[in-house]
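Enquirer: The residues making up each chain are set out below.
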Amino acid sequence: MTLIQIILAAGIVIIAAYMYLRLRSTLFDVIMILFFLIIGIVFVMFNELTDIIAHFLGISRGADMIFYLGILFLFFLILKLYSRLRRIEQKFTELVRNKSIEEAEELSERTPSEDKKN
Amino acid sequence: MTEVVEQGYKVVVVDDCSVDSSKKQLQGLKLYYLRHRTNMGQGAALQTGIEFAKKKGAKYFVTFDADGQHDCRDIPVMVEVLQKNRSDIVFGSRFLPGARTNISGARSFVLNVARYVNYLVSGILLSDAYNGLRVFNAKAAGFLKITENKMAHATEIQLLVAKNKLSYSEFPNNIQYNEYTKRKGLRNIDGLKIVFEILLFKIFR
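Chain order of the listed sequences is X and L.
Sequential numbering from 1 applies to the first sequence in the working numbering.
Sequential numbering from 1001 applies to the second sequence in the working numbering.
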């Protein structure tokens, strides 16, 4: 076992533990976390496995394949997050707008004492 | 602002959470004052104003930038044009013959690019893509739902006009740039930001 394998495996375990602590609400979540934990550990420990899949896809190294797929996945994630952000922003805008319409004030004509300001 | 109010129009001011005590400066003018609790951008403020005016049962709507670049004498003429042409919306234009403006060459160029960008997005080619002065009727107001809070709203309005097949026309208006409007307004480089906003808007609509 090389050092990088230990670092990566430890990272995966920590992330999985963190996810478990944050969203242990449903059984489905736990199964998903376990699933990805096992897949991650297996790929880190037996990285020749990724090479086999990579060859099948026409990529020479498994690490490269993970890199390509990772970029794709991250990009997808950013788009998802961005669209969610926009939705939240629109809801928030709606709230602020309604509040401001509710609280609209009708300012009145000038009075002599205020004339100086204008 | 004082001039618009004095002409007897019902004015709605939307204060987008500005820090310059706008309300105090407006004190003594007969108008409706709305304040956003947090800064959301010009597009959001426009939509707030439009919705408020709709609630008040307005028949005609005029959007008017608050920095004093517009000339309120254009308003009655544009309303007339709206009625005469039976348009749903009349866009102000600083580039049509008859308009008076002291616009800089660089700004002209940026706006010229912008109108083609807007054309690509909406299919409508206006002579002035980013003019804050617009007059429209209640039908158009019903369709205007600006979701672009920041600067891309001008493009979005064009798009909504195209999508809902509203009839539109353009009318030359006067725009005067002074030190204040230049300081408050957009810089030319903001054009790039707007293009980016439009791109995101197209993807995530």
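Hints are computed from structural coordinates only; laboratory data are not their basis.
Treat the hints with care, since some could be wrong.
[Claimed, not checked] Here are the simulated BS3-like cross-link-like pairs (lysine-lysine), alpha carbons at most 30 Å apart as the crow flies:
#	chain 1	residue 1	chain 2	residue 2
1	X	Lys-80	L	Lys-1054
2	L	Lys-1010	L	Lys-1202
3	L	Lys-1165	L	Lys-1193
4	L	Lys-1193	X	Lys-91
5	L	Lys-1139	X	Lys-91
6	L	Lys-1054	X	Lys-99
7	L	Lys-1030	L	Lys-1010
8	L	Lys-1165	L	Lys-1150
9	L	Lys-1024	L	Lys-1054
10	L	Lys-1084	X	Lys-99
11	L	Lys-1030	L	Lys-1059
12	X	Lys-91	L	Lys-1084
13	L	Lys-1030	X	Lys-80
14	L	Lys-1145	X	Lys-91
15	L	Lys-1084	L	Lys-1024
16	X	Lys-80	L	Lys-1010
These figures come from a predicted structure and were not determined experimentally.
Enquirer: A separate judgement is required for each hint: does it hold in the structure or not?
Expert: Quick rundown of the hints versus the structure:
Annotation: proposed proximity of Lys-80(X) to Lys-1054(L) is violated, straight-line Cα distance about 34 Å (limit 30 Å). Among the hinted pairs, Lys-1010(L) with Lys-1202(L) is inconsistent with the structure: their alpha-carbon atoms are about 35 Å apart, more than 30 Å. Taking the CA atoms of Lys-1165(L) and Lys-1193(L), the gap is about 28 Å. The hint holds against a cut of 30 Å. The suggested pairing of Lys-1193(L) with Lys-91(X) holds, with an alpha-carbon distance near 23 Å, which does not exceed 30 Å.
The suggested pairing of Lys-1139(L) with Lys-91(X) holds, with an alpha-carbon distance near 25 Å, which does not exceed 30 Å. Among the hinted pairs, Lys-1054(L) with Lys-99(X) is consistent with the structure: their alpha-carbon atoms are about 16 Å apart, no more than 30 Å. For the hint linking Lys-1030(L) to Lys-1010(L), the alpha-carbon distance of about 8 Å falls within 30 Å, and the restraint holds. The straight-line distance between the Cα atoms of Lys-1165(L) and Lys-1150(L) is roughly 24 Å, inside the 30 Å bound, and the hint therefore holds.
Note on Lys-1024(L) and Lys-1054(L): the hinted pairing holds, with a Cα-Cα distance of about 26 Å set against a maximum of 30 Å. Between the alpha carbons of Lys-1084(L) and Lys-99(X) the distance comes to roughly 37 Å, so the proposed pair goes past 30 Å and is violated. Restraint check for Lys-1030(L) and Lys-1059(L): satisfied, since their Cα atoms lie roughly 19 Å apart, inside the 30 Å limit. Annotation: proposed proximity of Lys-91(X) to Lys-1084(L) is violated, straight-line Cα distance about 39 Å (limit 30 Å).
For the hint linking Lys-1030(L) to Lys-80(X), the alpha-carbon distance of about 46 Å lies beyond 30 Å, and the restraint is violated. For the hint linking Lys-1145(L) to Lys-91(X), the alpha-carbon distance of about 13 Å falls within 30 Å, and the restraint holds. For the given pair, Lys-1084(L) sits about 39 Å from Lys-1024(L) by alpha-carbon distance, which is inconsistent with the 30 Å threshold. Of the supplied pair hints, the one linking Lys-80(X) and Lys-1010(L) is violated, its CA atoms being roughly 43 Å apart against a limit of 30 Å.
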